[in-house]
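*Asks:* The chain contents come next:
Protein chains: 4
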Amino acid sequence: MNIGFIGLGNMGRPMALNLARAGHALTVFDMAPASVDALAQAGATPAASAVDVARVPGLELLLTMLPAAAQVRSVYLGEQGVLAAVAPGVLLLDCSTIDPMTAREVAQAAAARGNRMLDAPVSGGTGGAEAGTLTFMVGGAEADFAAARPVLAQMGRNIVHCGGAGNGQVAKVANNLLLGISMIGAAEAMALGVALGMDPQVLAGVINTSSGRCWSTDTYNPYPGVLPGAPASRGYSGGFGSDLMLKDLGLATEAARAVKLPVAMGALAQQLYQAFSRQGHGGLDFSAIIRSIEAKASA
Amino acid sequence: MNIGFIGLGNMGRPMALNLARAGHALTVFDMAPASVDALAQAGATPAASAVDVARVPGLELLLTMLPAAAQVRSVYLGEQGVLAAVAPGVLLLDCSTIDPMTAREVAQAAAARGNRMLDAPVSGGTGGAEAGTLTFMVGGAEADFAAARPVLAQMGRNIVHCGGAGNGQVAKVANNLLLGISMIGAAEAMALGVALGMDPQVLAGVINTSSGRCWSTDTYNPYPGVLPGAPASRGYSGGFGSDLMLKDLGLATEAARAVKLPVAMGALAQQLYQAFSRQGHGGLDFSAIIRSIEAKASA
Amino acid sequence: MNIGFIGLGNMGRPMALNLARAGHALTVFDMAPASVDALAQAGATPAASAVDVARVPGLELLLTMLPAAAQVRSVYLGEQGVLAAVAPGVLLLDCSTIDPMTAREVAQAAAARGNRMLDAPVSGGTGGAEAGTLTFMVGGAEADFAAARPVLAQMGRNIVHCGGAGNGQVAKVANNLLLGISMIGAAEAMALGVALGMDPQVLAGVINTSSGRCWSTDTYNPYPGVLPGAPASRGYSGGFGSDLMLKDLGLATEAARAVKLPVAMGALAQQLYQAFSRQGHGGLDFSAIIRSIEAKASA
Amino acid sequence: MNIGFIGLGNMGRPMALNLARAGHALTVFDMAPASVDALAQAGATPAASAVDVARVPGLELLLTMLPAAAQVRSVYLGEQGVLAAVAPGVLLLDCSTIDPMTAREVAQAAAARGNRMLDAPVSGGTGGAEAGTLTFMVGGAEADFAAARPVLAQMGRNIVHCGGAGNGQVAKVANNLLLGISMIGAAEAMALGVALGMDPQVLAGVINTSSGRCWSTDTYNPYPGVLPGAPASRGYSGGFGSDLMLKDLGLATEAARAVKLPVAMGALAQQLYQAFSRQGHGGLDFSAIIRSIEAKASA
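Protein chains in written order, with my numbering: chain A, 235 to 533; chain B, 235 to 533; chain C, 235 to 533; chain D, 235 to 533.
Keep in mind that the hints are not guaranteed to be accurate.
For identical chains, the list gives no copy identity; a pair is met inside one copy or between any two copies.
Using 25 Å as the maximum straight-line C-alpha spacing, the simulated DMTMM-like pairs for lysine to aspartate or glutamate come out as follows [claimed, not checked]:
no.	residue 1	residue 2
1	K494	E313
2	K481	E339
3	K530	D477
4	K481	E294
5	K494	E528
6	K530	D286
7	K530	E488
8	K494	D286
9	K494	E364
10	K494	D433
11	K494	D271
12	K481	D378
13	K481	E313
14	K481	E528
15	K481	E364
16	K494	E339
17	K481	E376
18	K494	E294
19	K530	D433
20	K530	E376
Please keep in mind that the hints were generated in silico from the structure rather than gathered at the bench.
All chains, full assembly: derive it from the sequences and hints.
*Replies:* Below, the structure is given as structure tokens:
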């Protein structure tokens with residue numbers, strides 16, 4: 235398939251590499267020349283700009299993986315943007331994590347110019363991107379989802395259609411809102427139980443067979459030593475950074491503001507991560523938030 | 235076995251009935267004569283007071299199931315209380331849900347008089363009490379736990395030893411702290427996704443295969459219609475009442491205060507349930523809290 | 235003085251009328267023709283567009299009073315915007331309430347084209363706009379402040395220089411963040427004292443001579459009947475609407491996010507107003523938030 | 235006057251000294267012999283126990299100043315307590331800060347034995363106790379208030395009658411709930427304004443002439459250097475300790491729980507102080523909470 239790929243950062247690079255390995259004809263662009271070089275060595279054709287990717291003759295599918303809404307707007311809607319140059323009929327697929335309102339605005343602009351568009355944010359982190367085991371939450375028309383699915387399956391394992399345009403972003407923002415809340419909840423519960431004298435392993439065992447059970451306790455427990463494979467058991471390195479959770483909680487409260495829905499717990503979670511990040515811990519896995527709860531006076 | 239049972243309310247009555255059916259010699263007391271009569275018809279011997287239960291000759295095990303710490307203190311530590319009258323060596327088993335500090339204080343007083351004691355709060359509600367499928371979270375010495383286990387197994391299915399005295403209460407309070415937080419988190423996430431245009435079934439499907447997954451989404455989803463068997467799909471009747479969740483969050487924040495641990499999310503959850511209860515919804519299942527999030531102006 | 239005025243809404247119209255009455259040569263524009271007509275009858279010259287106001291020959295001062303950052307961006311930075319057309323040297327004065335980041339961005343763009351610019355958000359409401367008793371919080375160069383001051387003094391009473399560009403917005407957002415928090419604090423304190431049996435007048439008297447004293451208790455008490463002149467004593471009509479407080483708390487948490495500062499209380503206040511507004515009370519004075527605290531089951 | 239005084243801690247000692255200096259016949263007791271000695275040197279008669287104070291022949295007034303509700307219960311209601319021994323007609327006056335429910339329970343028990351009782355918690359700290367400038371918030375009958383007033387005036391400057399029994403505690407708990415909330419609000423507002431580039435003095439000036447004005451900004455500003463006399467300008471030493479604010483917020487949320495009133499902001503404030511105290515800062519003045527907001531990564 236003739237595919238363009240714009241945005242070769244920590245996530246985009248391994249995703250594009252998986253597509254290159256799968257044998258697609260790939261044209262790529264990134265602001266950082268080194269990232270473009272890495273793909274060129276894997277057989278991709280470098281382009282000099284985003285708009286050059288959009289103009290590739292015979293292009294069938296164009297993917298973007300960008301850091302935030304501002305870049306998505308600029309790459310798609312700018313004067314030298316994709317929509318101004320791409321041929322009608324090319325399927326557009328934005329894998330960035332942004333707010334649903336912007337995703338829908340860009341999808342509408344694409345539709346107005348005769349392009350089909352999907353939003354397909356991912357979860358699974360850089361590890362999932364490298365292993366090709368990402369989850370894609372996809373918003374857009376059923377037929378376009380069907381068309382994109384085989385390509386997505388070369389980068390991920392779990393490909394879910396969430397409904398119309400923007401719904402991929404909605405699904406991700408809702409999931410991560412709950413994730414942020416339940417992680418702090420898990421941290422408060424584990425810290426409280428241990429402070430009151432329980433063994434953390436025993437406590438996790440009780441919770442995981444009871445109504446408090448959640449991904450944050452049974453798969454990613456924030457208490458050190460409970461799960462050998464979890465970031466908590468290796469000093470909170472790797473995993474999903476606190477700064478990324480902070481970003482996603484920002485998207486969630488912003489989206490809630492747009493529809494005037496009160497999300498008191500989500501807003502508080504955002505502020506707790508904001509304090510944690512300000513104190514210099516934004517690079518730690520997000521389960522490290524338990525440290526801000528347990529923190530005591532130094533001796 | 236020669237068993238005494240004090241406290242025959244909504245939970246205690248069906249628990250005692252299960253013990254009567256299992257063939258134990260049961261002596262019972264409650265402030266409400268009607269509750270005592272119901273057990274007498276099932277073959278139990280009525281007693282005129284708590285202290286009379288404690289004085290039954292040859293008593294081996296004494297269970298209590300009381301509404302709150304004040305009653306536990308009074309029944310065990312009062313001038314006409316159990317500890318002043320019971321023979322040394324009788325195993326005491328308190329199934330009430332109270333704060334861990336009081337549980338430990340009573341257990342120490344029992345030990346000082348030569349009695350062994352376990353705290354064994356339950357989860358599973360009146361349905362579980364009737365069906366004999368409760369979960370018991372048990373704190374106390376290993377040998378005492380082993381001795382009580384066969385009797386507990388006649389009232390419940392999942393019997394967990396949580397460590398020393400008071401740890402049954404610690405496990406319950408920690409679990410329910412997390413449960414209250416994750417239920418509101420689930421409610422915010424479901425309400426936000428739906429407000430932004432997603433189908434609730436599809437959204438629940440995504441969350442339940444992602445990192446937001448929790449008991450409050452996959453087993454007890456608060457959004458009406460997502461899970462046919464959940465209280466949300468029958469007008470939030472039955473289930474675990476909001477007033478009970480409010481009580482447990484009160485125990486959790488109180489316990490956190492005793493060990494000076496910050497539980498910001500738990501404290502906020504408590505206040506949200508306090509508002510909900512004040513508005514007259516304390517009798518609804520606790521998943522009904524989603525109504526306070528979605529509430530709109532009436533037309 | 236030769237003055238342009240863009241934005242003649244509930245606030246802008248009475249402000250412009252005060253300038254017209256003071257004898258200035260006024261050219262005005264608004265999207266709503268009726269608003270322009272009202273000013274024309276007071277002697278102002280109507281313009282057909284924002285850019286036409288900017289092009290008035292001999293213009294000395296250009297004021298804008300717009301609803302939000304999006305309109306400020308469009309009016310100043312758009313292709314048909316003020317900056318593209320206005321003569322260098324004209325003093326620009328934006329009285330809109332927007333986030334400090336946007337205010338600084340626009341001020342920088344103005345400076346790049348040789349224009350001086352001040353941000354000067356107001357407080358005092360429509361009543362203050364009509365009576366000419368507004369407070370102006372002004373950010374920008376000292377000399378520009380001195381130049382604008384006489385004109386501002388014709389619309390307001392309290393004109394404060396807050397420092398460099400954007401600082402007018404910073405002062406307003408900080409003040410209103412605290413105002414939103416202390417109003418809910420006052421509501422919780424008054425409601426708690428009354429629920430515990432105190433007379434609201436006596437309670438307010440104690441607080442107002444103690445350390446809880448604040449503008450929200452001594453000047454604008456949210457409890458009905460305590461202050462005869464306050465909105466609480468007339469059904470929460472008039473005053474400063476809950477939806478405006480909600481907007482300002484949104485600006486505050488957004489600004490806090492930009493500098494990564496945790497504002498947990500502010501974020502919670504925002505969510506409480508978001509729930510209140512969603513329930514249909516956004517038009518009530520913001521002290522009506524006490525109703526959401528005291529709300530009980532209807533009989 | 236023939237006066238008994240029980241509880242000679244940091245607050246009680248200077249209060250009792252002021253009464254001794256005023257020439258009253260004083261009989262005193264405290265658990266700590268050193269405190270009793272200090273009063274004896276000032277002319278007071280030492281007693282061997284609380285009950286001995288209560289039995290002083292001709293006693294007219296008995297004051298207590300105790301750390302918490304548990305001690306108040308024990309001293310008044312215990313088997314060797316005041317009520318079991320004091321003559322009917324002696325006026326009882328408890329200056330401890332405790333929850334209103336306990337205050338009312340003790341007042342009822344006193345009334346049942348023919349004693350009149352007032353609750354009269356203070357504000358003003360140890361400085362006010364020494365200088366005799368405390369504020370007394372008094373609950374109880376009008377006639378008893380009139381009888382106690384002259385003695386209170388020898389220890390304080392502002393003596394306020396707040397209504398019936400317990401209302402002194404209600405007034406204090408309501409005031410300090412608001413104080414804790416508005417102090418954190420002031421800290422968030424000051425920190426936000428400064429982070430966004432404003433001078434703290436200028437910002438405080440704007441707020442203090444605007445609607446954000448409160449005791450926490452105009453008299454006790456938490457930002458260092460704004461008010462030379464405030465604890466913030468001397469490293470947060472002296473003043474009203476964070477641990478005392480934490481205690482009072484605990485009383486407030488407990489009282490709110492008793493009347494089922496939601497106090498979301500108060501509960502969050504309590505948790506923020508709980509974290510601050512856990513981190514070892516409980517001895518700093520409560521305005522130091524601004525440090526937990528501004529805290530950054532150390533270099």
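*Asks:* Can you give the numbers of the hints that this structure goes against, from lowest to highest?
*Replies:* When the structure is compared with the hints, numbers 1, 4, 6, 8, 9, 11, 12, 13, 17, 18 and 20 turn out to be violated.
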